[in-house]
Structures are given as structure tokens and as C-alpha cells.
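Visitor: Next come the chains, spelled out residue by residue.
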Amino acid sequence: MGRTEVRDGTGGTGDAVIRLDGVCKVFDVYRRTGLLRRERREVRAVDGISFEVARGETVGYIGPNGAGKSTTIKMLTGILVPSGGSVRVAGIDPSRERTRLARRIGVVFGQRTTLWWDLPLRDSYDLVRRMYRVEPARFRANLDRCVDLLDLGPLLEVPVRQLSLGQRMRGDIAAALLHDPEVLYLDEPTIGLDVISKAKVRQFLAEVKAAGATTVLLTTHDLTDIEQLCERVMVIDHGRLVHDGDLAGLHAVGASERVLVVDFARELPAVDVPGARTVRVEGPRQWLSFPASASAAPLVAEVAARYPLVDLSVREPAIEEVIARLYGDRASL
Amino acid sequence: MGVYRAVLAGGFRRYATYRVATLAGVFTNAVFGMIMAYTYIALWRVRPHLGGYDETQAVTFVWLGQALLTTTALMGGGCETELINRIRTGDVAIDLYRPVDLQGWWLATDLGRAAFQVVGRGVLPMAVAALLFPLAWPSSPLVWLAFLVAVALGVVVSFAVRYLVALVAFWLLDGAGVVILSNLVALFFSGMVLPLTVFPGALGTAARVLPWSALLQVPADVFLGRAGGAAGVLGRLAFQAAWAAVLLGAGRLMQSVATRKVVVQGG
Ligand SMILES: Nc1ncnc2c1ncn2[C@@H]1O[C@H](COP(=O)(O)OP(=O)(O)O)[C@@H](O)[C@H]1O
Ligand SMILES: [Mg+2]
Numbered sequence: 001m002g003r004t005e006v007r008d009g010t011g012g013t014g015d016a017v018i019r020l021d022g023v024c025k026v027f028d029v030y031r032r033t034g035l036l037r038r039e040r041r042e043v044r045a046v047d048g049i050s051f052e053v054a055r056g057e058t059v060g061y062i063g064p065n066g067a068g069k070s071t072t073i074k075m076l077t078g079i080l081v082p083s084g085g086s087v088r089v090a091g092i093d094p095s096r097e098r099t100r101l102a103r104r105i106g107v108v109f110g111q112r113t114t115l116w117w118d119l120p121l122r123d124s125y126d127l128v129r130r131m132y133r134v135e136p137a138r139f140r141a142n143l144d145r146c147v148d149l150l151d152l153g154p155l156l157e158v159p160v161r162q163l164s165l166g167q168r169m170r171g172d173i174a175a176a177l178l179h180d181p182e183v184l185y186l187d188e189p190t191i192g193l194d195v196i197s198k199a200k201v202r203q204f205l206a207e208v209k210a211a212g213a214t215t216v217l218l219t220t221h222d223l224t225d226i227e228q229l230c231e232r233v234m235v236i237d238h239g240r241l242v243h244d245g246d247l248a249g250l251h252a253v254g255a256s257e258r259v260l261v262v263d264f265a266r267e268l269p270a271v272d273v274p275g276a277r278t279v280r281v282e283g284p285r286q287w288l289s290f291p292a293s294a295s296a297a298p299l300v301a302e303v304a305a306r307y308p309l310v311d312l313s314v315r316e317p318a319i320e321e322v323i324a325r326l327y328g329d330r331a332s333l
Numbered sequence: 001m002g003v004y005r006a007v008l009a010g011g012f013r014r015y016a017t018y019r020v021a022t023l024a025g026v027f028t029n030a031v032f033g034m035i036m037a038y039t040y041i042a043l044w045r046v047r048p049h050l051g052g053y054d055e056t057q058a059v060t061f062v063w064l065g066q067a068l069l070t071t072t073a074l075m076g077g078g079c080e081t082e083l084i085n086r087i088r089t090g091d092v093a094i095d096l097y098r099p100v101d102l103q104g105w106w107l108a109t110d111l112g113r114a115a116f117q118v119v120g121r122g123v124l125p126m127a128v129a130a131l132l133f134p135l136a137w138p139s140s141p142l143v144w145l146a147f148l149v150a151v152a153l154g155v156v157v158s159f160a161v162r163y164l165v166a167l168v169a170f171w172l173l174d175g176a177g178v179v180i181l182s183n184l185v186a187l188f189f190s191g192m193v194l195p196l197t198v199f200p201g202a203l204g205t206a207a208r209v210l211p212w213s214a215l216l217q218v219p220a221d222v223f224l225g226r227a228g229g230a231a232g233v234l235g236r237l238a239f240q241a242a243w244a245a246v247l248l249g250a251g252r253l254m255q256s257v258a259t260r261k262v263v264v265q266g267g
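In order, the protein sequence lines correspond to chains V and A. In terms of the numbering used here, the first sequence is numbered consecutively and its last residue is 333. In terms of the numbering used here, the second sequence is numbered consecutively and its last residue is 267.
For the record, the hints were derived by calculation from the structure and aren't laboratory data. Since no wrong hints were added, every one of them can be taken at face value.
Partial chain A-side listing against chain V, Cβ under 7 angstroms, derived:
1. R14
2. Y97
3. G266
According to the in silico footprint, chain A covers these stretches of chain V (three or more CB under 8 angstroms from chain A):
4. 77-89
5. 101-108
6. 116-125
7. 129-136
What the simulated footprint calls covered on chain A by chain V, stretch by stretch (three residues with Cβ under 8 angstroms from a Cβ of chain V suffice, anywhere in the stretch; the number is not a length):
8. 1-12
9. 81-94
10. 98-109
Here a beta-carbon is modelled for each residue, glycine too, at the ideal position from N, C-alpha and C.
The task is simple: from the sequences and hints, build the whole structure.
Guide: Below is the structure:
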């Protein structure tokens with residue numbers, strides 16, 4: 001809290017398109033404890049989250065299952081009312097003016113479809129055009145672009161129920177973009193997709209991002225999505241933001257380590273260098289672990305000065321490991 | 001308005017894609033129509049003018065029932081199962097997020113379905129019946145027109161009831177039981193089992209003023225010229241329209257309560 005209230009309808013202060021301020025969502029979950037008795041339990045799905053997303057940004061929103069990602073997105077579309085805090089998307093309070101906002105945002109829920117099951121893909125797009133009152137010329141241009149980039153040409157006349165999951169997802173993503181939304185929420189758009197479909201979706205989102213007109217909030221379990229699309233990533237766990245920054249910063253927060261792999265001229269006992277730990281020895285090769293936030297240069301100089309060095313390489317930590325450690329820390333609190 | 005017209009057209013095309021199912025349905029209609037027609041004939045021979053119908057009118061009533069069976073969803077089978085599924089799986093959240101009205105969307109879908117079925121499942125059984133039995137046809141084009149209006153209103157009333165039934169799924173985990181109960185009630189109180197005019201006393205009176213009579217009894221009476229002149233026909237149509245308005249209104253009310261529940265409690 002403590003921030004000034006946004007009053008204009010243009011997107012608030014600065015260039016923030018999405019603003020969350022101390023947002024909470026508490027669900028009441030009932031559990032039967034007897035024939036007529038039931039026990040009420042509160043689930044704090046989102047527990048005091050604040051962030052802003054600037055116009056044109058593509059932000060990754062990640063976290064373990066049940067962390068509160070979908071709940072956040074639902075509040076951002078207006079289909080869930082926050083229990084506390086304030087939400088503004090394009091200057092609009094989503095739950096108050098859901099329909100007005102709907103015309104300005106696009107949503108893809110990976111596990112659900114907005115397409116007409118029994119009818120050809122094209123019919124769903126025609127419906128989108130009418131629903132959002134998209135000008136025919138603009139609609140045609142947008143559709144052509146999506147069909148081209150997402151390879152939908154051969155699928156337009158196919159009933160949606162006959163599409164594969166990957167094809168359907170591409171169809172859904174196109175449907176979410178035909179009305180030129182300012183903001184696009186993608187809730188696990190690559191879940192369950194094969195490698196090729198994932199690549200196509202990513203490539204398409206990279207194009208959307210390059211065009212710069214759309215603000216994208218992307219939820220995913222596939223960290224490759226994040227690495228390829230987002231310079232900024234937010235990590236949520238148990239309803240709280242545990243990280244908001246770039247990927248490099250995520251490494252620092254996750255207290256992750258890089259590994260210096262050195263090949264010596266001959267077999268040596270485990271070397272002892274300040275600022276690093278020798279974690280593995282295998283013949284003349286040794287693995288030295290050091291903090292990801294530290295520079296490798298002094299370490300390399302030290303090793304080279306003291307030992308007969310033949311070759312070396314630095315291994316970056318896999319982002320999966322970083323995240324796992326981040327979640328692990330929170331879980332042990 | 002364009003959206004709802006497109007949704008209606010989509011509803012029509014969806015059902016039109018299932019041609020084999022439609023033909024199988026017509027066959028079933030024909031078989032059941034025949035069984036019921038001979039049963040009615042036997043009954044009317046014993047009790048002539050039962051319910052005020054002569055034998056030809058009674059047989060025509062049977063075939064109108066078959067023709068409207070799927071159109072006004074006398075045994076269910078409209079959009080309600082799909083809507084219940086969407087509520088159960090949470091997909092209804094997507095429907096809520098769209099800039100269209102939920103009830104309007106499903107009404108349009110159901111009208112599209114009915115428009116297909118009045119052709120696909122209505123005309124063919126009547127044609128089969130016309131070959132096998134003498135039928136009591138409307139006396140003028142105006143009666144035909146009134147009949148079509150009565151069918152359209154019947155579809156709206158039928159939808160309005162089924163929409164209310166489907167919305168129960170927001171509160172009950174399993175909506176199937178309510179649907180079965182509702183279908184049974186519709187089957188009896190529409191006149192599908194026997195014309196409602198046959199039932200004496202309080203039961204008959206109640207059956208004739210309940211909304212389900214709008215689904216078959218009223219259209220059939222208009223068709224058979226038993227609504228009693230222009231004023232009588234208009235009265236019947238007004239009766240249907242009144243129920244449509246009341247039930248759609250109740251649906252809106254329940255929808256807004258359900259929406260609030262979803263939006264606040266998350267389903
Ligand atoms: N409608 C609901 N009713 C009760 N609990 C819910 C509801 N929706 C989500 N939750 C709970 O809130 C938490 C966050 O869920 P969700 O936002 O779906 O997580 P994520 O998308 O990150 O996997 C979970 O513990 C989930 O069980
Ligand atoms: Mg989720």
C-alpha cells in the first residue's frame with residue numbers, strides 16, 4: 001500500500017500496464033468432518049503480491065504447482081475478485097469492469113480451450129471477430145499473420161476436436177490475438193506440447209514480442225520458454241513473490257554456483273584454492289565450485305599460477321537447479 | 001446482436017455435422033411413433049374422444065410429439081449437459097471472461113440446435129407418418145405460422161428451464177441427478193406421455209398451467225386447431241411468452257448469483 005491511487009484511465013503512473021499492489025486471494029476450503037459438521041480452512045492462494053509490468057514487456061511468471069500463478073492471472077482478467085489489495089490492468093479494475101477489459105486483453109489457458117469444439121477453426125475466428133467487433137480489414141491482416149506464423153493454413157477448415165493438442169494450442173493462441181489485445185496472459189501455453197509445437201509457439205511469441213505492441217505475462221513450467229522469451233522473471237511460491245528480476249539475478253538469489261572444470265597436466269590430489277570448493281576429482285580433471293555471483297577470472301588466475309593447467313571451462317548452473325534450490329529454501333523455512 | 005446470430009448459426013452447423021446420428025434418430029422417432037400411434041388408436045377405440053381429440057387428432061398428437069421430441073428437448077439433450085460439464089471442469093470461467101452474456105450465448109446455441117432439429121428430426125418423422133396414417137393438418141397457412149411461433153416459444157421455455165437446471169451444477173458437484181429428474185418431469189408435463197387434456201381434476205389443471213405444457217401441448221393444440229379461434233391462439237402464445245419471460249428472468253437472477261460465487265469463491 002502507501003502508493004498513490006491511480007485515477008486516470010490510461011494505464012496509471014509511468015508506463016505500467018499491469019499494477020498489483022498488495023494483492024491477496026484467500027479461498028475458503030471446506031472439509032467434511034462428520035455427517036453435518038464441516039471444517040473451514042483458509043487457503044491463501046495469493047498472499048500479498050505487488051508488481052508492475054511496463055508496456056511492451058514480456059515477463060515470465062513461474063513457480064511450483066499450486067503456487068498461485070493461475071489465481072493471479074484470473075484476478076488480472078477479472079474472473080476472480082481479489083480478497084485484498086488493488087489490481088489495475090490498462091487503468092481498469094478487472095473485476096469491476098470485466099467486459100470492458102476483455103476487449104483489451106487476450107488470455108490463453110493452456111489446459112482449456114476457447115475454440116468451438118465441433119466446428120472448423122475458422123468459425124471460431126469469425127466468432128472472435130464479431131465478439132470483439134474487430135474491423136474486417138484489421139481482422140484479415142491479423143488472421144493472415146497468425147495463420148502464417150503459426151502454420152494454421154491447413155487447419156482452418158478442420159473441426160477443432162480433430163486437432164492435436166499442439167495444433168489446438170496454436171489455434172487458441174491465434175484466437176487470443178485477433179483483436180489486437182494490449183495485454184496477453186499465457187497460462188502454461190506449452191504444457192503437454194511436443195518439441196516441435198513448443199518451438200513454433202516460442203517462435204511466434206518471440207515475433208509478438210519483437211513487434212513490441214503487446215505486454216505479455218507468461219506462466220510456464222518449461223524454463224526454456226523463459227530463457228528464450230523473457231528478460232525479466234518473477235518467481236512465486238506459496239502465494240508470495242520470492243524473486244522479481246532478470247535471469248542472472250535469479251541465480252544470485254538462488255545462491256547458485258558455477259563450476260570451473262579444469263584439466264591438469266597430471267593427476268593431482270584435490271586442489272585447495274580460496275573462494276572455491278573442489279567437488280569432484282576424476283584423473284587429471286577436477287571440478288571447482290564457486291558462487292555464481294563471483295567472477296571466474298581471479299579464480300582462474302590463482303589456479304593457473306599454482307598448478308600445471310592444460311585446459312578449463314566454466315559451466316553455468318542449469319536454471320532448473322536454481323529454481324529447485326529457491327523453492328527448496330522456501331519449503332524448509 | 002451479430003455475435004448471437006453467429007452463435008446460433010454455429011449451433012445449427014454443429015448438429016448438422018452429425019448426419020448419421022440424425023438419420024438414426026429419425027429411425028428411432030419413426031419406430032417409437034408407430035408404437036405410440038397404435039397404442040393411442042387402441043385406447044381411443046375404447047374411449048373415443050378422450051381428452052377432446054378424435055382418433056386422427058390423437059394420432060397426429062403422437063407424431064407431433066415425435067417431431068418436437070428433440071426440438072423442444074422433451075427428454076433433454078440440449079445444451080445443458082455441455083454447460084454442466086463446463087461448470088464442473090471450470091471451463092465456464094472462460095465463458096465468463098468473454099464480452100458476451102452467458103445466458104444469451106447458450107440461448108443462441110440452443111436456438112441453433114433447435115432450428116436444425118426441427119428440420120432434421122421434425123420434418124422427416126412427420127413425412128413418414130403422413131405416408132402411414134391419416135393426419136389432422138392445419139386448416140390454413142395462418143395456423144401453420146402460429147404453430148411455428150408456438151414451437152419457437154416452446155424452445156425458449158424449454159431452454160429457460162434447462163438453463164436453470166444446469167446452473168444448479170454451480171452448487172452441486174454432480175448435476176446428473178437433477179437433469180434426470182428434470183427430464184422426467186418434462187416428459188410427463190409436456191404431454192409427451194399422454195395429452196394433458198386427458199388428465200382430470202387438479203392434476204390436469206396443474207399440468208396445463210405449468211411451463212412444460214408450452215413444450216408440446218400448446219404447439220399441438222395450435223396445430224390441431226384446438227386452441228379455440230384467433231383469440232384462443234394468441235392467448236396460448238401469450239401463455240408461452242409469459243413463462244419464457246419469467247423463467248429467463250429467473251435464469252438471469254441465478255446466473256448473477258452463480259457468477260458472484262465463481263468470481264468471489266472461485267467456483
Ligand atoms: N477455486 C478454488 N478454491 C479453493 N482453492 C483454490 C481454488 N483455486 C485455487 N485454489 C488453491 O490455491 C492455490 C493456488 O492455485 P493456482 O493459482 O491454481 O496455482 P498454480 O497455477 O500456480 O499451479 C492452490 O493451493 C489451489 O489448491
Ligand atoms: Mg496453474
